[in-house]
Amino acid sequence: MSSVSRGNVKMAITALKSTKWRSLFTMLGVIIGVVSVVTVVGVGEGIKHQVGGQISQLGRDLITVRPGKLVNRGSAGGITGVNLFTNNMSGGSLNQQDLARVRQTNGVRLAVPLGLVNGTADDANGRPVSLPIVATTSDLPDVLNQSVTTGGFFAPDTTGQPYVAVLGSNAAQTLFHESAPLGRSFQFMGQTFFVQGIFNQFDTNPLSLTTDFNNAIFIPYTTAQTLTNSNTQLYEILAKPTDSKQTSTVVGAVTNTLAHAYQNQEQFTVLSQSESLAVTNNILDLLTRMIAGVAAISLLVGGIGIMDVMLVSVSERMHEVGIRKALGATNRQILEQFLIESTVLSLVGGLIGIAMSLLIDYLLRVFTSLTPVISWQAVVVATIVSFLVGIVFGSVPAIKAARKDPIDALRNE
Amino acid sequence: MGVIIELKDVSKLYGFGDATTLALDEVNLSIEQNEFVAIMGPSGCGKSTLMNIIGLLDRPTHGEYKFNTRSAAKLSSDKRAKIRRDTIGFIFQSYNLLPRLTVLENVALPLAYKGMSLARRMKLASNMLERVGLQDREYFYPSQLSGGQVQCVAIARALVNDPKLIIADEPTGNLDSASSRLVMELLGEIHKTGNTILFVTHNPELTRYANRVVYMRDGSIMQDETTVFGEVASTALKQMYSIPETTVEDDLEGVSALMKAVPQKAAERRPAPTQKKKKTSKKPARKTKARKRSART
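For the record, the sequence lines run as chains A and B. Heads up, the first sequence is in the working numbering, so the first residue is 1 and it goes up one at a time. Heads up, the second sequence is in the working numbering, so the first residue is 1001 and it goes up one at a time.
Derived by calculation from the structure, the hints in this document are not laboratory data. Check the hints yourself; a few may be wrong.
As the list claims (entries may be wrong) - Taking lysine to any residue pairs in the SDA-like style, the calculated list, with each CA pair at most 20 Å apart, reads:
1. Lys17/A <-> Lys1008/B
2. Lys20/A <-> Pro1099/B
3. Lys1008/B <-> Ile1031/B
Please construct the entire structure, taking both the sequences and the accompanying hints into account.
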């Protein structure tokens, strides 16, 4: 039997080679299916890695306070669920009192506000540039573990001074088309701002839940208060504990302080970075699974394509089936022959798909900020799935060929 | 010498209802081992159907067929496949080699289905090709050979399993006379080694090679005669030199009349034929015609 099977594999390859174009088009469905599944999973996995990298840069002890109830916590303080679809914007916003409460909480060393100021900055030519304007305080570089090597960050108290701003590295390029536009100015809300410093490049990821700091313009919180008549909304408060080992305790303390202030009407979320990571991964997993599911449908369609072509192939080769049966091939041997053919077809398609995914992975790394990670598990699963597609969708045509009466098959010219 | 083929009242019907065709009509035939039987008859007389039933490719509608003393009706399709593989060799008019396989692979194919190792089956196939004189064409594809050569390959394939019975359905039908002779000489040689050979032919000249000739018409065996090797059978000889004649009656009735006559016999066997009356009225005419024909042959 084994030598027959080996002969069948060889025969299948010969048969597929003799109809090269048809085989290629048949495989196309499986190729596209495998490429999309492997790439989507790879991109998702890559973003997870990037988020992890970003968080380790910011420091695992960074605590974020956001408005809205993003997560559910159990009695022990662990996250029991993520409210992906709650509208956390309507959950209200944080204000200066909240910042003060966080600052005064036991174990909090530093706390900085992050507020978004509406409006657009005009570049040197007076053209409006769409960049987020973030209002914050002088402790931001310390909290974010990030230094300002070009120029410096603004002082704790800027009252009485001209308006100043610090730019993210990409924002500097967008506004002034140079990497160190120190001392240059731009217009915002009718005021002139002077560039005091440029942040070093932040590690970012494409699906970051926070504002991309590389693209942001930072202005002092006091300036923002003056410009907006003390009505600057905070979208986030960042805090650092005195002892980084006590991060989770401090998270609990901040939660309690705020909960007490709001009479337990939780309108905010306090997360440590590791919890943020868990939340992000949770969301990413969900997204990846959803898209991979859609991509898997194309694999299914590819399988149906194989079935179609194999059905045509079986009808075309009915005479051959008749000859083989006359020479003594049993139904099982005929079944085996066509099953091997469809399996070879889809397996080769799967392998081509994997090769193409690796190529796409390379291109994505070169031309985009994505760094997809194709794990060996994904490759193995793709191979097994394409193998199974061949068997499942090849069985209908193979059974059709095997069951054919020898004399009917022989008459089929 | 045992009986290898035994047919008892074997009938074969094709189609349903009004379109029913009777291909074999209660055929009785018994063939012993080591016989070399030629089957002759006009096109559509049921020769091929008979070959297919004997070769276990097809099943009779009625009647009993015993192959090697075993009743064929009881065999499963897998069992039939195994018997075809181990004891029957087929040679077809249209050769039926697989075009994508080399000559050697074609000859080795029945051995592959037996589960023989690659090296062993290539060796056996090679030996067999040497026997038919084509050892230098092993790696050619069928399309690169002449008709006679292809048929020799087909014979090698039929012989490679050392089958007891060889069934050749018009093996020389597509060949010129020289190639025909080559093929028949080859079959004659094989016969000498003890195989039973059954072949269909239209050419009376080829009955020379047989030791028994069976004549068929309209699904029935009209005559069965034993002949001497090397001589054209006497009945066939007559047919050879007499100009085929058609009577005025045949011309008037045409082919359609002949076709009508055939399903009527099937209708007799079935319980409720709707047009029975009409057909029975035609019956005497047909019978006299048949008698006339048998007298002529």
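Could you grab the alpha-carbon distance between lysine 1008/B and isoleucine 1031/B and see if it respects the 20 Å cut-off?
OK: lysine 1008/B and isoleucine 1031/B at ~12 Å, within 20 Å.
Measure nothing beyond the straight line between the CA atoms of lysine 17/A and lysine 1008/B; if it is 20 Å or shorter, mark the hint as holding.
Status violated; Cα separation ~49 Å.
Under the criterion that the straight-line Cα-Cα distance not exceed 20 Å, is the pair lysine 20/A, proline 1099/B satisfied?
Between lysine 20/A and proline 1099/B the Cα gap is close to 17 Å, so the pair holds against 20 Å.
Comparing the model with each numbered hint stated earlier shows that hint 1 is the single one that does not hold.
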